[in-house]
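J.: Just so you know, the sequences run in chain order A and B. All residue numbers for the first sequence refer to this note's numbering, where the first residue is 1 and numbers rise by one. All residue numbers for the second sequence refer to this note's numbering, where the first residue is 1 and numbers rise by one.
Since the hints were made in silico from the structure, they are not lab data. Check before you lean on any hint, since a few could be wrong.
[Said to hold, decoys possible] Quick partial rundown of chain A residues pointing at chain B, CB under 10 Å, derived from the structure:
# : residue
1 : Val17
2 : Phe43
3 : Glu44
4 : Val47
5 : Cys74
6 : Glu76
7 : Arg89
8 : Asn116
9 : Val120
[Unchecked claim] What follows is a list of derived Cβ distance ranges for each label pair:
#  : chain 1 : residue 1 : chain 2 : residue 2 : range
10 : A       : Ile131    : B       : Gly537    : 20 to 28 Å
11 : B       : Val543    : A       : Arg170    : 54 to 62 Å
12 : B       : Phe522    : A       : Ala106    : 24 to 32 Å
[Stated by the list, open to error] Selected chain A positions facing chain B (Cβ under 8 Å, derived; list incomplete):
#  : residue
13 : Ala15
14 : Leu18
15 : Tyr19
16 : Arg53
17 : Thr72
18 : Trp73
19 : Arg78
20 : Ala107
21 : Leu108
22 : Trp163
Even glycine gets a Cβ: it sits at the ideal position worked out from N, Cα and C.
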Amino acid sequence: MNRFVLPFVVFAALAGVLYVGVKHSPDKSTMVSALLGKPAPAFELPVLGDASRKFSTSLLAGRPWVMNVWGTWCAECRVEHQALLDIARQNRVPIVGLNWRDEDAAALEWLARLGNPYTVVAVDGDGRTAINFGVYGAPETFFIDANGLVQYRHVGAMSPEVWEREFASRLPQVGMP
Amino acid sequence: MIPELGHFALVLALLLAAAQAVFGLVGAHNGDPRWMAAVRPAVAGQFVLVSAAVGVLIHAFVSFDFSVLYVASNSNSALPTFYRVAAMWGAHEGSLLLWAWILVLWTLAVAAFSRSLPASFASRVMGVLGIVSFGFLLFTLYTSNPFERILPAPADGRDLNPVLQDPALAIHPPILYMGYVGFAVAFSFACAAMLEGKLDQTWARWTRPWTTLAWCFLSVGIALGSWWAYYELGWGGYWFWDPVENASFMPWLVGTALIHSLAVTEKRGLFKSWTLLLAILAFSLSLLGTFLVRSGVLVSVHSFAADPSRGMFILAFLVIMIGGALTLYGWRAPLLKSAAGFQASGREAFLLYNNILLVIAALVVFIGTLAPLVNDALDMQAISVGPGWFTSSFPYLVLALAVLVSIGIHAAWKRGQLGAQRRRLALGAGIALFIGVVLVLVVYGAGDWRSMLGIVLGSWIIVSSLLDPIDRLRRRLSLPRAIIGMTIAHMGLGVCVIAVSTVEAYTIERDVALGPGETVAFGRHAYRFDRIEPVEGPNYEGVRAQITVLRDGLPVAVLHPEKRHYWVQRSTMTEAGIATRWNMDLFVALGEDLGAGRWSIRAQLRPLIDYIWLAAGLMALGGGLAASDRRYRARRDIAGSDAVPAAAAEAT
């Protein structure tokens, strides 16, 4: 082989490796949670808009639910909001919003203006519950199964694709006995 | 409205980049002066437009326009103004825009300073730069638009990554990019030469100052990153063999080989195809670096958010640019045969050996960086390529390089008879051995043999580089900037080798738990933990400790390491407390709160560490002097009539 063609051949091989690398690049949104397969931390927090009521995880015992960590200060939360509204409209699973280190007034105004995808919003003012869940940054979404075990954690904005692939697929099939 | 204007300016700039490429390349191919005349206005227009886009984005940051998604994601109302400006390049979208802007800046410089070059050659150079610019602007607009809106706007932003809230790191990207992107100029000169089918010594003289300048920026950029890692990441290291660091180091190594190979091509008309290949490689590695950092194929502590679609785009761009250039190389390089031969002990030969070593060094870094990727791609069993891979191979390459430099400096061009230089060689080696042994045995005490050898060889480089200028001064010969620059840059290398060897062998460190009033001692020094108190900044809160360093029982420095908690991003950063002495750093970093007033503390004495960054500064200074040598400034006519001062012609 001509020595002047050699660089091209080497580069072609490298490009092939890089192509496979991109195809298989690790998806950082599936950051492993130490909680996977373990019981979700129980919590009892005031409900947004009505501090006299409390939301407790015990209310959801025996059924699967989804927890979405959000705040009005979080730009990515704004990005995923439409996707959450669409998911909520399917009405297949309760979505608990964990309003993380936010101001109640701002959060209420946000929901009034953009629509409310949440079954209930719990106020995590001091961030303690988020810490218990190992939240790394908003938004994050957790799937908790009927036995109260954390089955999936998604870091970053929710999208219809992620929902179908990772969350809807874990729900009991509609119409099955 | 204003952000949309920025977006629109980028679209227009993209069109002008396409025009620049087409008019430049097709115009030169057809020899049509009217087409070629359109290239410079296209460059100027593109510069104005991309500058406008940069200005618009900075304006959005400074005026807290959180309706721009990128601003909302990387800024905050509590962020100080300086960092709001620097936040413009704090994440992926903005730093791509910065990349594009710096490319246009280089292109504008080429447009301004290439009027003495043959018209067809200059327009080919700008045409190739136009393709690069087109690719990057398209990438920005297609996958990473920094002006994307988010409506209604969030009340406040997510804040700039706290890691980046630091003066050194704020200016690190622009300078690093000046280096990365600057190699695009050398790349374009190489492509233009291959398209013209003509490469002579004049070509090398045109290319050299551009390449050297880009290399200077890259040196400073890498050093700034390393300096930042030293005091901000908290544990006192200066180089971590992290993929992102390696991504900037590979182009530097190949760029170093390139500037030396260009010297041979300019002086002797040799190594033509090798020089071309290095010019292509240096920029290819810059592009590859961008790819590795942006695509998320390699997970690194400071890589940007992963996005496979971006990775695919850059990969396609990489294949077109590098694949295209290498195809051109395979086709045209065989036609550019070197006329003369050279002798195994001439300066040419030493520069060839140095080139080979530098390329091997780049290859070592390359393999170490990409091995995990190849591993994944081929589903092979895990082979461990960690820092061990680098530390077990790199020092030997550098030591070998040091020997070559020290000897090669004395070799003359063409008929290098090293025998004639025997006295000088012996003198240099003797002085270096004396300095090295004194340093090792008297000052620091015997250590690892590699470090002792490094100190001796580093001294040898410094002494060797100084012998020739001293000799010139004694014989009352002129001392052109090219020679002064070369001397300073080589001394920089020597200083770097000595400093790294010393730091590696003679650093003293202790990880201890200390309560108020307690002391940790090492040798004549002791660190006393005085107290810890809360501290509050504009967008963070944290604690600051006061630690007094004692020498022989007397206080010599008071250090204030901090641990900061940035409340918007919820991340914790350490700020090391460092006192710099002429011969060492007194370093202390705050670890964890162990309760009951006790804290884990890392205390270090790092000898000569600041000389590592000083060395990079020396190299850049030397490069800058050499690039501004008279023979590049004075003669702007179409060269060939070689009236370069004789002294300069003898320099590298």
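J.: When the structure is checked against the list of hints, which entries are broken? Sort them ascending.
T.: Of the numbered hints given earlier, those the structure breaks are 2, 3, 4, 7, 8, 9, 11, 12, 16, 20, 21 and 22, listed in rising order.
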